[in-house]
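2 protein chains.
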Amino acid sequence: MIKISIDVMGGDVGAEVAIAGAAKALTRHPDITYLLYGHEQEIVPILARFPKLAARAEVFDCEVAVGMDEKPSQALRRGRNVSSMWRAIEAVREKQSDAAVSAGNTGALMAMAVFCLKTMPAIDRPAIAGIWPTTNGESIVLDIGATIGADAKQLLDFALMGGAMARALFEIKRPTVGLLNVGVEEVKGVEQVKEAGKLLREADIDNLEYAGFVEGDDLGKGTVDVFVVEGFTGNIALKTAEGTARQIAEYLRSAMGRTWMSRIGYLFARGAFRMLRDKLDPRKVNGGVFLGLNGIVIKSHGGTDAEGYAAAIDVAYDMVHNGLQAKIQHDLTEYHARNESPMGPEAA
Amino acid sequence: MIKISIDVMGGDVGAEVAIAGAAKALTRHPDITYLLYGHEQEIVPILARFPKLAARAEVFDCEVAVGMDEKPSQALRRGRNVSSMWRAIEAVREKQSDAAVSAGNTGALMAMAVFCLKTMPAIDRPAIAGIWPTTNGESIVLDIGATIGADAKQLLDFALMGGAMARALFEIKRPTVGLLNVGVEEVKGVEQVKEAGKLLREADIDNLEYAGFVEGDDLGKGTVDVFVVEGFTGNIALKTAEGTARQIAEYLRSAMGRTWMSRIGYLFARGAFRMLRDKLDPRKVNGGVFLGLNGIVIKSHGGTDAEGYAAAIDVAYDMVHNGLQAKIQHDLTEYHARNESPMGPEAA
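Just so you know, the protein sequences line up as chains A and B, in that order.
Sequential numbering from 1 applies to the first sequence in this note's numbering.
Sequential numbering from 1 applies to the second sequence in this note's numbering.
So that you can see chain A by itself, here it is in the shape it has in the complex (with noise of 0.2 Å):
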């Protein structure tokens, strides 16, 4: 049995994409039980149209919710121990829950997890790791926007915590890990990532293949299986990722439709045209997951429909089950037992 509790106030559109993202999970993962926090007299007339997703949950009233436009202190002022998205954060704390899921504000949600789990140990600053799809399969880009700026340190921590993920959720021995980079040479670059690179050289990591500095255009090729990126720049390629397939859907929309010739094929096509809009729906790879952390946080699209919430909840439950937590404290454990001094075995 796996827990999951869900902020089902977060989000643009609230309550009812929350639980009817979770009732679609639980046909996937029938194991599944719910913690639901939110206004309960909102929660309960849509839960009934979900008789199976009833049966599994537990509604807990909670009367603040945090809004989407709230900055993170002013959501942590007003919502600590109150609102439903820290409560469902607590109960991962309190172990009632294995996972929290929130379609709430990325800055708010990420500020109440490190304030309610706190960091792990040996981690300075969490990160959220993405999941992209890419022409090999889909591989884990982090930071995608926890961390502005992160030193040499914490973008090795990044690749540590990246590789126990993709062993988590694509069940690989061995995950290559890429740093992005503005070329491929070792001389190039800003001095964290170039430091960042003599360190994963240098360990001797078991779980781990140090693939050396990637390019942006190496996303979509999905060279590595884990692209290690300081938060800032991650956020900014995501987003350029996500305009430039919304541009392309458009253009392709715009030349289908000018001459009857072309419908007629977009007729024709029409089964190849839904297979690429499947590889392409945002939906299917939501959930952005907060790493570093003592408890498992997803983060959903805000703007998603159940068939994304879902997506994210099936995340959770892969993280779960899959034991990412004890995964990445091995790779940490193992790593700082074998290169004592934070620098490498080299400045020991």
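Hints were generated in silico from the structure; no laboratory data involved.
Accuracy of the hints is not assured; some may be wrong.
Far from chain B by the CB rule (all over 12 Å, computed), these chain A residues [unchecked claim]:
{"id": "1", "residue": "Ala48"}
{"id": "2", "residue": "Pro51"}
{"id": "3", "residue": "Asp204"}
{"id": "4", "residue": "Asn294"}
Partner residues aside, some chain A positions facing chain B, computed with beta carbon under 10 Å [to be verified]:
{"id": "5", "residue": "Thr176"}
{"id": "6", "residue": "Leu180"}
{"id": "7", "residue": "Val182"}
{"id": "8", "residue": "Gly189"}
{"id": "9", "residue": "Val193"}
{"id": "10", "residue": "Glu195"}
{"id": "11", "residue": "Asp217"}
{"id": "12", "residue": "Leu219"}
{"id": "13", "residue": "Lys221"}
{"id": "14", "residue": "Gly271"}
{"id": "15", "residue": "Val285"}
Cβ atoms here follow ideal geometry from the backbone N, Cα and C, with glycine treated the same way.
Based on the hints, put chain B in the right spot on chain A.
The following block gives chain B in isolation, referenced to the frame of chain A:
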């Protein structure tokens, strides 16, 4: 008459592409005269195939060609005064040419351009501006890789130079300028970006409209005419977009080839696909513009063909024809005259 000096030896393919590209651009702009720098014995037989170009071109024999893998310092040591790359730039300094074009390696080209032409008096560091296709037309994005890390003052300089380039390239009076950030709220992002936002908000600039922070997905939409970003992130965003476009093209190709229905559809919609390919053609927007130097230097993609090379020459032509340097100079002078203190009027 506009004089353009060409480093014929640069790029992955060299003289063949550069000369064919120059011939192509000449058909569109018959008032160009060329100064061609490179191995004379290689250039002369190719040039013989383009009699119209030969009539408008002078060949300068250079013994050294800078390699695509040479480090900037090495290229400068080996190629100063004698390489085709150096001499094409030097022609600009000596006023024999109005702009230099090279498909050679970016690092070496930038190092030589800075060394030979020097940065403009008010500019600390140069930028490379790229032309980004958007659903809205085209936008300018800078810096895409000249300067790793940029402080607030340098981001402000990039905004001024990008604005001047937009006036020269798009012939609009008051381009909109946005700062690339991880959120549109004024509280978000790195310090330099927030500080640059403050400088731009407070600045009194006739030729530029500051539009605030923009995000990665605004690039594809062309929300603003000019996107300003530090070079590490800008380079990764550019390559991420290129990679995403290739990834989707590959999905599309494989989807269209899967069934006989989709293959028939493809035949009918051939025209539409041609249009789409045209829209996504990276050759059409070839040409990175070096900004902030005492002279115009254009970097063509190293792996392009004659069509792409001609597009880079078109950019050089437009920049000279529309007075890029004078526009930059004017905007910088005006800004500094009106906002005496470099920290903006508030701090004055």
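Hints, verified against the model:
For alanine 48 of chain A, the shortest C-beta to C-beta distance to chain B comes to about 38 Å, beyond the 12 Å cut-off, and the non-interface label holds. The non-interface label for proline 51 of chain A is consistent with chain B: the shortest C-beta to C-beta separation is roughly 39 Å, beyond 12 Å. Every CB of chain B lies more than 12 Å from the CB of aspartate 204 of chain A, the least distance being 29 Å, so the non-interface label holds. Residue-level check passed: asparagine 294 of chain A sits 26 Å from the nearest beta carbon of chain B, beyond 12 Å.
At its closest, the beta carbon of threonine 176 of chain A sits 17 Å from a beta carbon of chain B; the interface hint therefore is violated under the 10 Å criterion. A distance limit of 10 Å between C-beta atoms decides the matter here; for leucine 180 of chain A the minimum to chain B is near 6 Å, and the interface restraint holds. With 10 Å as the threshold, the beta carbon of valine 182 of chain A comes within range of chain B, its nearest partner Cβ sitting at about 4 Å, so the hint holds. Annotation: glycine 189 of chain A was flagged as interfacial toward chain B, and the flag holds, the nearest CB pair being 7 Å apart, inside 10 Å.
For valine 193 of chain A, the interface hint holds, the least distance from its beta-carbon to any beta-carbon of chain B being 8 Å, beneath 10 Å. The beta carbon of glutamate 195 of chain A comes no nearer than 14 Å to any beta carbon in chain B, farther than 10 Å, and the hint placing it at the interface is violated. Taking 10 Å as the C-beta cut-off, the interface hint given for aspartate 217 of chain A holds, the closest approach to chain B being about 3 Å. Satisfaction of the interface hint for leucine 219 of chain A is found here, the shortest Cβ-Cβ separation to chain B being roughly 6 Å, below the 10 Å cut-off.
Below 10 Å, beta-carbon pairs count as interface contacts, and lysine 221 of chain A has one with chain B at about 7 Å; its hint therefore holds. Because the smallest distance between the Cβ of glycine 271 of chain A and any Cβ of chain B comes to about 6 Å, under 10 Å, the interface hint for this residue holds. Interface hint status for valine 285 of chain A: violated, as the beta-carbon distance to the closest one in chain B is roughly 13 Å, over 10 Å.
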